[in-house]
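Novice: Listed below are the residues making up each chain.
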Amino acid sequence: MEIRSAMNELLTPAVNSICEKFNGQASEFRGDVTILVPAELVVEAATTLRDEFDFDMLSAETAVDYCPQTTPRFHIVYIFYSTKTHLYLTFRAALNGDDPNIATMETVYPNANWREREIWDLMGIKFEGHSDLRRILMPPNWEGHPLRKDYPLGYEEVQHSFNLEEIDLRKPKGVR
Amino acid sequence: MREIQEFTLDELKHLFTPQALTGETVVLNMGPQHPSTHGVLRLILELDGETVLNCVPDIGYLHTGIEKNMEAKTYQKAEVLTDRMDYMYTMGNNLVYCLAVEKLTGLKSPPRADAIRVILAELSRLQSHLLWIGTSALDLGAMSVFLYSMREREMILDLFELVSGQRMMTTFIRPGGLWRDVPAEFESALREIIKVFPKRIDEYEALLTKNPLFMSRTKGIGKLDTKTALAWDVTGPTLRATGLAHDIRKSNPYCGYDLYDFDIPTQTSGDVYGRYQVRVEEMRQSVRIVEQALDKLPYGPVRDNNRKYIPPPRSEIGVSMEALIHHFKLWTEGFNPPAGSVYTTIESPRGEMGVFLESDGSPKPYRVHYRTPSVTLLQIMPILTQGCFVADLIGIIGSIDIVLGDTDR
Numbered sequence: 001m002e003i004r005s006a007m008n009e010l011l012t013p014a015v016n017s018i019c020e021k022f023n024g025q026a027s028e029f030r031g032d033v034t035i036l037v038p039a040e041l042v043v044e045a046a047t048t049l050r051d052e053f054d055f056d057m058l059s060a061e062t063a064v065d066y067c068p069q070t071t072p073r074f075h076i077v078y079i080f081y082s083t084k085t086h087l088y089l090t091f092r093a094a095l096n097g098d099d100p101n102i103a104t105m106e107t108v109y110p111n112a113n114w115r116e117r118e119i120w121d122l123m124g125i126k127f128e129g130h131s132d133l134r135r136i137l138m139p140p141n142w143e144g145h146p147l148r149k150d151y152p153l154g155y156e157e158v159q160h161s162f163n164l165e166e167i168d169l170r171k172p173k174g175v176r
Numbered sequence: 001m002r003e004i005q006e007f008t009l010d011e012l013k014h015l016f017t018p019q020a021l022t023g024e025t026v027v028l029n030m031g032p033q034h035p036s037t038h039g040v041l042r043l044i045l046e047l048d049g050e051t052v053l054n055c056v057p058d059i060g061y062l063h064t065g066i067e068k069n070m071e072a073k074t075y076q077k078a079e080v081l082t083d084r085m086d087y088m089y090t091m092g093n094n095l096v097y098c099l100a101v102e103k104l105t106g107l108k109s110p111p112r113a114d115a116i117r118v119i120l121a122e123l124s125r126l127q128s129h130l131l132w133i134g135t136s137a138l139d140l141g142a143m144s145v146f147l148y149s150m151r152e153r154e155m156i157l158d159l160f161e162l163v164s165g166q167r168m169m170t171t172f173i174r175p176g177g178l179w180r181d182v183p184a185e186f187e188s189a190l191r192e193i194i195k196v197f198p199k200r201i202d203e204y205e206a207l208l209t210k211n212p213l214f215m216s217r218t219k220g221i222g223k224l225d226t227k228t229a230l231a232w233d234v235t236g237p238t239l240r241a242t243g244l245a246h247d248i249r250k251s252n253p254y255c256g257y258d259l260y261d262f263d264i265p266t267q268t269s270g271d272v273y274g275r276y277q278v279r280v281e282e283m284r285q286s287v288r289i290v291e292q293a294l295d296k297l298p299y300g301p302v303r304d305n306n307r308k309y310i311p312p313p314r315s316e317i318g319v320s321m322e323a324l325i326h327h328f329k330l331w332t333e334g335f336n337p338p339a340g341s342v343y344t345t346i347e348s349p350r351g352e353m354g355v356f357l358e359s360d361g362s363p364k365p366y367r368v369h370y371r372t373p374s375v376t377l378l379q380i381m382p383i384l385t386q387g388c389f390v391a392d393l394i395g396i397i398g399s400i401d402i403v404l405g406d407t408d409r
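Protein sequence lines, in the order shown, are assigned to chains A and B.
In this text, residue positions in the first sequence follow this note's numbering: the first is 1, and each later residue adds one.
In this text, residue positions in the second sequence follow this note's numbering: the first is 1, and each later residue adds one.
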């Protein structure tokens with residue numbers, strides 16, 4: 001997709017190259033450029049971005065849950081930064097709702113280690129090849145992934161002996 | 001209620017040497033309640049005598065689910081939660097959230113509000129550095145600095161109370177400007193701070209900079225080079241102490257930081273002493289910025305005039321029906337920004353602090369993610385502490401200046 005002229009001229013070659021090589025779709029909102037990259041190519045695209053276009057930092061990595069939509073349900077958001085050109089560039093990778101998993105970014109940007117642990121902990125997305133995929137913020141024996149949209153926000157229905165099982169069935173199960 | 005478990009040694013064995021399981025080396029638990037971890041941080045250490053072989057940080061003891069809670073509140077109400085993350089840089093937490101909301105909605109903060117934002121953000125940086133210099137020197141056994149630095153920190157917190165009615169959790173910076181204008185006493189109180197500070201910073205330096213005990217405890221300890229720092233996304237004074245002059249205030253200016261004249265202090269040593277020197281110099285630069293901002297503080301409104309997002313002033317409500325409707329709509333339903341996602345960053349005393357904000361067009365944020373500098377600083381603890389002594393470990397934790405509320409959110 002051809003990008004608009006408002007975009008920073010330093011960013012244009014990187015965006016065009018990524019879009020062309022990795023079949024990405026670029027879009028711009030309020031000056032932030034986002035490229036939707038196919039999930040299986042995102043690590044390769046990030047390597048290109050780091051080696052050819054000097055994006056030397058992975059500033060943030062997070063996930064968004066679009067429940068109840070299931071295909072795709074999740075977006076993984078990678079925000080890269082270059083200390084040379086002072087530009088930000090965002091990648092998004094779409095994942096389906098059943099057994100979401102994606103290759104780890106740790107091999108390209110080592111700091112993705114804890115960021116991906118956090119996403120696994122709070123969103124329940126598995127990272128293939130991650131060196132240490134444990135829960136980070138919640139206790140190790142916690143059930144469910146709290147940042148998912150189908151996870152209740154604290155309060156729960158009070159169960160009595162006569163409706164214990166009935167309410168149990170209504171509770172969101174998520175991936176347990 | 002099930003009991004909360006911890007990771008067993010067997011689950012963590014890939015992080016230690018094989019000798020840890022046979023008992024040749026000692027695995028020792030430091031924290032979560034330990035006076036020098038600056039909060040509830042647990043470090044699992046593998047020790048060979050006094051030498052640290054491995055250090056595994058375990059965080060999450062202060063996890064309060066703020067990101068999840070913000071999704072259930074309107075944009076105005078969610079802001080109150082942001083103060084509670086990095087409790088040493090509360091004004092900055094508000095600021096970065098407000099900048100994200102402004103970017104999303106297209107609101108513009110007026111010049112007077114921008115200048116006051118800069119003043120308050122720099123004072124927050126100053127008070128954060130003051131607590132850091134006190135506690136990190138305390139960790140190394142220099143007790144007196146703490147008493148001096150807390151005395152000056154009190155002046156700044158009193159000023160926060162003067163402008164907002166609160167010492168720490170101010171929520172004074174709001175989307176589109178400020179909660180209200182500063183009172184008349186603000187200028188004289190601030191002039192007093194500007195007058196005394198350079199001398200007081202000299203006092204701290206007299207206690208520490210050339211102190212042979214302090215130097216021998218900090219020089220050459222916890223070394224980091226620029227390449228590793230960038231790969232692990234380390235920012236702020238810890239990065240600048242390795243020699244790279246990277247500062248969001250200069251590289252991606254916000255709130256008119258480009259109007260002020262200030263330097264980015266750097267050091268090349270990359271050790272605990274280097275980080276100390278960078279932070280002390282940063283305090284001087286902060287005072288410089290505050291002075292310039294106060295000298296050219298413009299007059300005018302402190303909030304944007306867009307009534308679809310900004311509640312009308314009290315005086316209008318009694319005479320204008322539209323104002324009453326807007327007031328009612330904004331405080332019951334909230335405002336509806338356009339759908340989309342934005343990312344904004346500011347320079348916190350610890351490094352780059354960012355907000356990823358996604359809106360689906362409803363009055364509540366669809367997803368808020370805080371990119372906090374303390375996470376990456378804590379993440380490189382295994383690299384910084386490799387082969388150091390347990391006593392040096394305390395100095396290293398102090399030097400990277402983590403806030404546990406910031407890591408756990």
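Heads up, a few of these hints could be off.
[Stated by the list, open to error] Derived CB-CB ranges, DEER-like:
1) A:Glu-128 to B:Tyr-299: 53 to 61 Å
2) A:Glu-143 to B:Glu-24: 31 to 39 Å
3) A:Glu-128 to B:Glu-11: 18 to 26 Å
4) A:Cys-67 to B:Leu-157: 20 to 28 Å
5) B:Val-80 to A:Glu-143: 39 to 47 Å
6) A:Glu-143 to B:Ser-315: 25 to 33 Å
7) A:Lys-126 to B:Thr-8: 42 to 50 Å
8) B:Met-321 to A:Glu-128: 54 to 62 Å
9) A:Glu-128 to B:Leu-9: 24 to 32 Å
10) B:Lys-227 to A:Glu-128: 32 to 40 Å
11) B:Asp-263 to A:Pro-139: 18 to 26 Å
12) A:Lys-126 to B:Arg-167: 22 to 30 Å
13) A:Glu-143 to B:Asp-263: 29 to 37 Å
14) A:Arg-30 to B:Glu-316: 26 to 34 Å
[Unchecked claim] If you want the footprint, here are the derived chain A segments under chain B, 3+ residues with CB under 8 Å:
15) 11-22
16) 57-64
Simulated from the structure, these hints should not be mistaken for lab results.
A virtual CB, placed ideally from N, CA and C, is assigned to each residue, including glycine.
Novice: Each hint should be assessed against the structure and marked as holding or not.
Specialist: Here's how the hints hold up against the structure:
Checking the proposed 53 to 61 Å range against A:Glu-128 and B:Tyr-299 shows it holds: the Cβ atoms sit about 58 Å from each other. Checked against the given bound of 31 to 39 Å, the beta carbons of A:Glu-143 and B:Glu-24, roughly 37 Å apart, stay inside it. Checked against the hint of 18 to 26 Å, the C-beta distance between A:Glu-128 and B:Glu-11 comes to roughly 20 Å, which is consistent with it. Range check, A:Cys-67 to B:Leu-157: about 43 Å between beta-carbon atoms, so the 20 to 28 Å window is missed.
For the pair B:Val-80 and A:Glu-143, the beta carbons lie near 30 Å from each other, so the given range of 39 to 47 Å is not met. Checked against the given bound of 25 to 33 Å, the beta carbons of A:Glu-143 and B:Ser-315, roughly 53 Å apart, lie outside it. One distance hint, 42 to 50 Å for the beta-carbon pair A:Lys-126 and B:Thr-8, is violated here, with the actual separation near 22 Å. Taking the beta carbon of each, B:Met-321 and A:Glu-128 are about 60 Å apart, inside 54 to 62 Å as hinted.
For A:Glu-128 and B:Leu-9, the Cβ-Cβ distance of about 26 Å falls inside the hinted range of 24 to 32 Å, so the restraint holds. The hinted range of 32 to 40 Å is not satisfied by B:Lys-227 and A:Glu-128, whose Cβ atoms lie roughly 27 Å apart. For B:Asp-263 paired with A:Pro-139, a C-beta distance near 45 Å fails the hint of 18 to 26 Å. The supplied range of 22 to 30 Å is broken by A:Lys-126 and B:Arg-167, whose beta-carbon atoms lie about 44 Å from each other.
For A:Glu-143 paired with B:Asp-263, a C-beta distance near 52 Å fails the hint of 29 to 37 Å. Checked against the hint of 26 to 34 Å, the C-beta distance between A:Arg-30 and B:Glu-316 comes to roughly 30 Å, which is consistent with it. Taking a C-beta to C-beta cut-off of 8 Å, the region 11-22 of chain A contributes 0 residues in contact with chain B, too few for the three needed, and the coverage statement is violated. Taking a C-beta to C-beta cut-off of 8 Å, the region 57-64 of chain A contributes 6 residues in contact with chain B, enough for the three needed, and the coverage statement holds.
In this structure, the hints that do not hold are numbers 4, 5, 6, 7, 10, 11, 12, 13, 15, in rising order.
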